[in-house]
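Engineer: Let's have the full structure, built from the sequences with the hints guiding it.
So the sequence lines, in the order shown, correspond to chains B, U and Y. Under full-length UniProt numbering, residue 356 is the last one in the first sequence; the count climbs by one each step, no gaps. Under full-length UniProt numbering, residue 291 is the last one in the second sequence; the count climbs by one each step, no gaps. Under full-length UniProt numbering, residue 241 is the last one in the third sequence; the count climbs by one each step, no gaps.
Think of the hints as simulated: they come from the structure by calculation, not from any bench. There may be inaccurate statements among the hints.
[As the list claims (entries may be wrong)] Which residues of chain B face chain U? A few of them, derived with a C-beta cut under 7 angstroms, are:
1. Leu69
2. Phe124
3. Leu127
4. Ala128
5. Leu308
[To be verified] Far from chain U, some chain B residues (derived; all Cβ distances over 12 angstroms):
6. Val22
7. Trp189
8. Thr243
Cβ atoms here follow ideal geometry from the backbone N, Cα and C, with glycine treated the same way.
For reference, the chains in residue letters:
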Amino acid sequence: MMNVTTEGNKRRSAILTPTVGVGSAALFLIALPFLLQNQLYYLDTVILALLWGAAAGAWNLAGGYGGLLSLGHAAFFGIGAYTSTLLFVRLGISPWLGMLVGAVLAAILGWLIGIITLRMKGPFFGLATIAIAEVLMIVAVNWTEVTQGSQGITVPYKPGFANMAFDSKIPYYFIALVICLIPFLLARWLKQSKFGYELMAIRDNEAAAQALGIHTVRVKVGILVISSAITAVAGTFYAQYVTVIEPYHEFSFNVSIQMVLMTMIGGLGMALGPVFGSFVVTGLDTLMRDLLQGTQGGVHAMMYGTLLVLVVLFVPEGMIPWLKERFRSGKGGRSHGSVVDSGASDQTFRGPDGGG
Amino acid sequence: MIFLQLLISGILIGGVYALISLGLTLIFGVMRIVNFVHGDMLMVAMYFSYWFYTLYSVDNYIGLFLVVPALGLLGALMYRFVIRHAIRRSHEASILVTIGLSIVIQNAALLLWSADYRSIHNEWATRSLQWGDLRISSPLLIAFIVALVVTGILFAFLHRTYLGKAIRAASMDRFAAVLMGVHPQRIFTLSFAIGIALVGVAGALLSSVFAVHPTLGTQFLLVSFVVVVLGGLGSLRGAILGGLLIGVVETTSAYFIGSSMKQLVYLLLFIVILIVKPAGLFGKRIPEVNQ
Amino acid sequence: MLTVEHLTKRFGGLTAVDDVSFTVEEGDFLGIIGPNGAGKTTLFHLITGFLPTDAGEVWFKGKAITGKKAYQISRLGMTRTFQITKPFGQLDVMENVVVAALQQSPALREARERAEEVLRFVGLGAYLHHSVTHLPIGLKKKLELAKALATRPSLLFLDEVMGGLSPDEVRDLMDVLRKVQETGVTLVMIEHVLQAITELTQTLLVLHHGALLAHGATVDVIRDPEVVDAYLGEVEPDAVH
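Structural biologist: The structure is reproduced here in structure tokens:
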């Protein structure tokens, strides 16, 4: 669907190949909604997959590239959904502006969580994110005068660009596509920027990163702020597309875990990982809905849980690298040699590292 | 008078929170994993208790002697077959695996036993002691006393027996357990089993206090997170004090601002602890990343 | 260049570093030896900002750096390696050093050039795009050195870079360190491999139970009977193996 070549391969291959790859991918993405125009059910699935791909992609920036295991990104998602919706419903402010305000609010919250918990070692960051999402959920449930509590809010249907509401699914598709591209392109940028290198170094070994002069807390807080803001943007789009928001969904632990799960399925710390994972999960979702007709709610979630356990235990690097490996070994050749292959194996190991 | 009433009710429920949190903090201390299945195992224990009572008329206080070994065994199996493999990968992996298991268990319960609230109506369930204006619910009082006894047994085990000492050593320094000649896998399995068995005790006791339903575990998990961080991650004494404290905080806030908001109070308290004293009441200093 | 005064660190009842004072002159190559547990690595942690001090002061290039964070000290030009190598596991050899080079030249292209240059300098030119997790220990130690060098330090702390290396690898790395010193970098090295100490260092400092036992020209210190007694006698067979 999109150009999957890694940086390393790209460097070696002709300059033409990636250009052609990107070009044909762009063409396909532009043509897709028109191809699916008469199968709205599938177009709907694609839009949702892009939307969750955007949210998971935002999570991946912090979780995959920065190693920040957030378990409460629903907090930012919900802020995005509720901010734009409340501004629109109560004050008539355009959801586009609401999207921006939501992103700023989420960024501020991300910054606060970051400066409090990211200077400490241990599971505090993950636990704090859960707590914040729960707090916001309780507030949204109980502050009924503003949020209408657990019954949720319906976004009034007034089609028009300014209201981010349309009578066709195609504009939604393109908005979702753009939102999905933001974390995707940012992830690609991380691979070739100072900030990104520092971030990945911190993920791999924080003390070593400090020894090189990297202000690790600032970098981690930085990526969390970016990730929070983008998650909120996805939240606003969700509200506009689905048109009903409820605290028990938007701020739920399930939403947080869904972002993690999708990223894990595709591949942690890969630009395409969360998008791939989102298409797998959303696709399975649609399939299950067809098969079960919604009779057995638990089966659905059980599949999520099982998938999470299986992926973490058996394909921890994600399905994209796994498929690539399959594909490559199917062709019979391996392009990357490890050190041992390349004739340096006479450099023997001498017991455990360091030793004194 | 009302304050005394709230204080007593809070301490009684706090004793049960402490019991649940002891398991969580023990598992964290020894394995450094945050166990998200903890609350769901409480739910499972309560269902076991409920079914023993409903199907075989086994009173939940007698059923306790069936539920606890069953839960301990479940814990050991869960560790052996799933969690052990995740710990080998990374802390993140073990957290995610317990989250996955939690989702599976919750929804399995939903499929098996539906979303209905189920409660035991034994002779204890509605009885309460009256003492002037003070009312003390009997099942809660029994729960508190049993929790106290079990905690005593746990501490005796950890301080008096060789295996118990090895567990404590492992929670301070993984290497120390190896030096004591106990295989780390044995320590881990045992700690996990004990942690879950403690939840089994709490589940059997609480089954005549609260109605059980598939997502009941989530709320108890959140409470025990707060308790464990308040007491200091990995600190057993901290978990006890934290449990009692949160019990009182919860009971008091439920009375004054309503039970739908009581969670908000302890979650905010949790955030305040993270800001002011992340090491908790009894924890060691939290290493900052800049050292 | 570096002045350490009355540096002290206690862990509970144990005084790991006990009132240690010394100076390092520009261009010097200082060796630090001492039995295991003498407080050598703790001393490094204190000077480079990885552990807070309990007492004492550290000056670097005339500036007090006591209490500064590790990254701040590194930015001033004082970098370190770790005894237990700490590669960035998901980055390749080249990228590991690029991270370091970026601290001096924020443009990626320049940083890549600088990284490649440093990697060739330490003898890792053939491994630029290898995965770091499968590197043998000798190469991991070199990578550790390359990362530190890529930040263009003026003062470099080496924590047992020779540990676990074969005699051939030790000689090879000694040549590299000589070249490093020729480029004008001042070096401080904790080392158990005596050959490296005697042949490379000009001055030597001996730690024993956290305290300074001897400090002076290497040739004199290794003949000091007290030092031989306390340290060399007991460690030599192990170091030669």
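Engineer: Now tell me, hint by hint, if it's right for this structure.
Structural biologist: To see whether the hints hold, each was checked on the structure:
With a least beta-carbon distance of about 5 angstroms to chain U, the hint placing Leu69/B at the interface is held under the 7 angstroms criterion. With its C-beta approaching chain U no nearer than about 6 angstroms, Phe124/B sits inside the 7 angstroms limit, and its interface hint holds. The interface hint given for Leu127/B holds, since its Cβ lies 6 angstroms from the closest Cβ of chain U, which is under the 7 angstroms cut-off. Nearest Cβ of chain U to the Cβ of Ala128/B: about 6 angstroms, under the 7 angstroms cut. The hint holds.
Hint status for Leu308/B: holds, given a least beta-carbon distance of 3 angstroms to chain U, under 7 angstroms. Against chain U, the non-interface label of Val22/B holds: every CB pair exceeds 12 angstroms, the least being about 33 angstroms. Even its closest Cβ contact with chain U, about 24 angstroms, leaves Trp189/B beyond 12 angstroms, as expected for a residue assigned away from the interface. The Cβ of Thr243/B sits about 27 angstroms from the closest Cβ of chain U, beyond the 12 angstroms cut-off, so the non-interface label holds.
The earlier numbered hints are all upheld by this structure, with none contradicted.
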